[in-house]
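Take the sequences, apply the hints, and build the full model.
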Amino acid sequence: MYFATNIQSLDLLIQRHYTTILKLLSFILLMICFFSCSENLSDDRSQFVFRYNEYGNITSLDPAFSINLPNIWATTHLFNGLVQLNDELEVIPDIAKHWSISTDGLKYDFQLRDDVFFHPHPAFGEKNTRKVIASDFVFSFQRLLDPKLATPGGWVLQNVNQIEEIDAHRLRITLKQPFPPFLGLLSMRYCSVIPKEVVNKTGADFRKNPIGTGPFMFKNWEEDVKLVYRRNPHYFEIDEAGNSLPYLEAIAITFVPDKQSEFMLFLQGKLDFLNSLDNSYKDELLTQDGMLTEKYWDKIKLQKGPYLNTEYLGFYLDSPSPVVQSPLIREAINIGFDREKMMVYLRNNIGFKGDRGFIPKSLAGHLHKQVSEYDPERAAKLVANFKSKTGLSPQIKLATDPNYTDLCEYIQRELQKIGISINVDVMPPATLKQARSQGKLQMFRSNWIADYPDAENYLSLFYSKNFSPSGPNYMHYQNPTFDTYYEKSFKVNDPIERRRLYQIMDSLVMTSYPFTPLYYDQVVRFTQKEVNGLSISPLNDLKLKKVWKTKKPPQ
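Using our numbering, read the sequence shown as starting at 1 and increasing by one per residue.
Be aware that one or more of the hints could be misleading.
Subject to a maximum C-alpha distance of 27 Å in a straight line, what follows is the list of computed BS3-like cross-link-like pairs (lysine-lysine) [unchecked claim]:
no., residue 1, residue 2
1, Lys304, Lys259
2, Lys131, Lys543
3, Lys270, Lys543
4, Lys97, Lys545
5, Lys529, Lys270
6, Lys361, Lys389
7, Lys259, Lys270
8, Lys387, Lys417
9, Lys301, Lys259
10, Lys226, Lys546
11, Lys259, Lys208
12, Lys270, Lys219
13, Lys546, Lys301
14, Lys127, Lys107
15, Lys295, Lys549
16, Lys259, Lys433
17, Lys304, Lys488
18, Lys488, Lys361
19, Lys545, Lys299
Quick caveat, the hints were computed from the structure, so don't treat them as lab data.
On a predicted model such as this, the values are computed, not experimentally measured, just so you know.
The structure is reproduced here in structure tokens:
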């Protein structure tokens with residue numbers, strides 16, 4: 001009886017801690033694989049292998065499902081498109097050597113390279129590979145538009161009227177209406193070229209057996225454990241000196257789900273790259289002014305640069321709450337807390353205080369004039385004015401996810417000083433996202449990361465025809481003058497004039513305060529000292545084709 005009772009107790013204990021035990025076993029398995037997988041990561045070849053971790057995991061290697069940063073990075077190593085972006089966010093050739101646009105802005109003609117080959121696969125027959133031709137892009141784009149595929153990237157081509165092969169190396173795309181940022185859309189990973197033969201043969205398995213044209217080729221993927229790529233010896237790009245790209249022999253991606261464990265692996269030299277910056281170790285790595293702490297000067301490198309990510313507080317303007325509907329309160333919140341103090345103590349000065357509009361730094365259209373200056377005296381007067389007009393004490397519920405609790409609690413304390421009571425409601429990210437889309441939140445902390453490098457992407461959040469849940473206008477902002485400018489911008493090809501329109505629209509939105517900008521984010525990266533050639537861009541992409549780990553640059 002004693003033995004049976006203890007077995008039952010042990011069984012109950014295992015049930016209670018099943019998730020914890022499972023995570024521990026997974027982590028142990030991961031570490032065994034990480035240190036003993038000699039096939040892919042032999043010690044004497046480690047200088048040719050780039051190692052990084054994806055704590056957020058990867059769900060698909062099919063570019064049609066590159067919906068988040070882990071998937072985008074993973075597919076960037078494997079695939080190419082018609083065009084690509086340089087680090088200054090300029091559209092430059094990729095598989096398309098050059099292109100022309102008709103005067104009405106509707107027809108885009110692309111001339112393709114004739115030296116781009118797909119990675120080897122038996123579906124290609126005896127030669128095991130073949131050149132990319134225009135019909136491959138026709139297939140890839142039509143697949144993206146196929147409702148049966150249910151890809152999250154189909155919206156990219158919604159304005160496309162026709163995709164046609166002129167000949168083997170010429171492609172034409174015709175739009176339904178002019179859209180100047182269209183080339184930027186084509187640079188997205190969704191628009192990668194893929195081979196029809198392989199997709200038809202592998203079907204849904206293409207997500208875990210991808211064939212592309214990129215600088216690296218798929219080797220093997222043990223989901224939740226490890227992903228390995230090998231160098232593509234027939235890649236078409238070369239560097240400025242005429243050397244073949246890429247320089248590295250392999251990429252090894254692990255999936256340690258815990259940021260603290262990832263950080264320790266990086267400090268031990270087991271990872272070459274760290275992109276995350278968790279609150280648990282940000283003060284260990286960074287000073288309050290955002291510089292690398294002295295103890296790591298001779299061990300690791302720090303890279304920083306503007307990130308096309310605006311962090312903000314949004315107000316649901318269709319809320320029945322008179323507090324949310326009041327421009328007085330929304331303005332008071334906008335000027336009622338010290339952003340500089342917030343950036344120093346909560347962000348280690350990573351980012352730029354949100355004192356302009358919605359368009360972030362480094363993007364054409366970003367306002368040069370400050371529009372949200374900290375002014376607690378004026379904020380308190382606005383609150384007093386609201387109270388005298390309505391007889392109400394302003395109270396608002398602010399929804400956030402756990403990652404931003406400290407920031408929202410800081411704002412809560414600051415606004416309490418001017419007479420606004422904030423109730424911080426912490427909920428899981430998925431729950432928050434759904435409630436925001438359905439208009440169930442009075443006020444919410446959110447962010448907007450650019451899909452493509454044009455300010456139209458940000459201003460679309462204020463277009464009245466984009467009301468959520470069918471569009472990204474979560475605030476239900478509506479202004480006929482704004483809509484007129486927004487629609488006019490589609491017909492303007494001159495970048496200077498378009499930038500002027502963007503600034504007018506951003507300034508117009510700020511006159512009624514449907515949102516409060518918190519900060520414009522920065523890309524922050526840490527690498528081992530021996531890592532060279534890693535570029536950084538405002539889209540936070542990860543391009544490894546020009547990276548090397550030896551002391552001398554490749555010859």
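Just to be careful, I want the Cα atoms of Lys131 and Lys543 compared with a cutoff of 27 Å; is the pair within it? Holds, at about 23 Å.
Pair hint Lys361 and Lys389, alpha-carbon separation not exceeding 27 Å: With a Cα-Cα distance of about 38 Å, the restraint between Lys361 and Lys389 is violated, given a limit of 27 Å.
Do the alpha carbons of Lys259 and Lys208 lie within 27 Å of each other, as the hint requires? holds, 25 Å
Could you grab the alpha-carbon distance between Lys387 and Lys417 and see if it respects the 27 Å cut-off? The hint holds at about 15 Å.
Holds or violated: Lys304 with Lys259, Cα cutoff 27 Å? Status holds; Cα separation ~20 Å.
Next pair to validate is Lys488 with Lys361; report whether the Cα-Cα distance is within 27 Å. Roughly 23 Å separates the two Cα atoms, so the pair holds.
Has the given pair, Lys270 with Lys543, been kept, meaning a C-alpha gap of at most 27 Å? The given pair, whose Cα atoms are some 20 Å apart, holds under the 27 Å limit.
Pair hint outcome, Lys301 versus Lys259 [Cα-Cα no greater than 27 Å]: Holds, at roughly 19 Å.
Between Lys545 and Lys299, is the straight-line Cα distance small enough, at 27 Å or below? Status holds; Cα separation ~24 Å.
Would you check the hint for Lys295 and Lys549, treating anything up to 27 Å between C-alpha atoms as holding? Within the cut-off at roughly 22 Å; holds.
Given the hint that Lys546 pairs with Lys301, does the C-alpha gap stay at or below 27 Å? Holds, at roughly 17 Å.
Is the Cα-Cα distance between Lys529 and Lys270 27 Å or less? Judged against 27 Å, a Cα distance of about 13 Å means the pair holds.
Hints 6, 14 and 17 from the list above are not met by this structure, while the remaining hints are.
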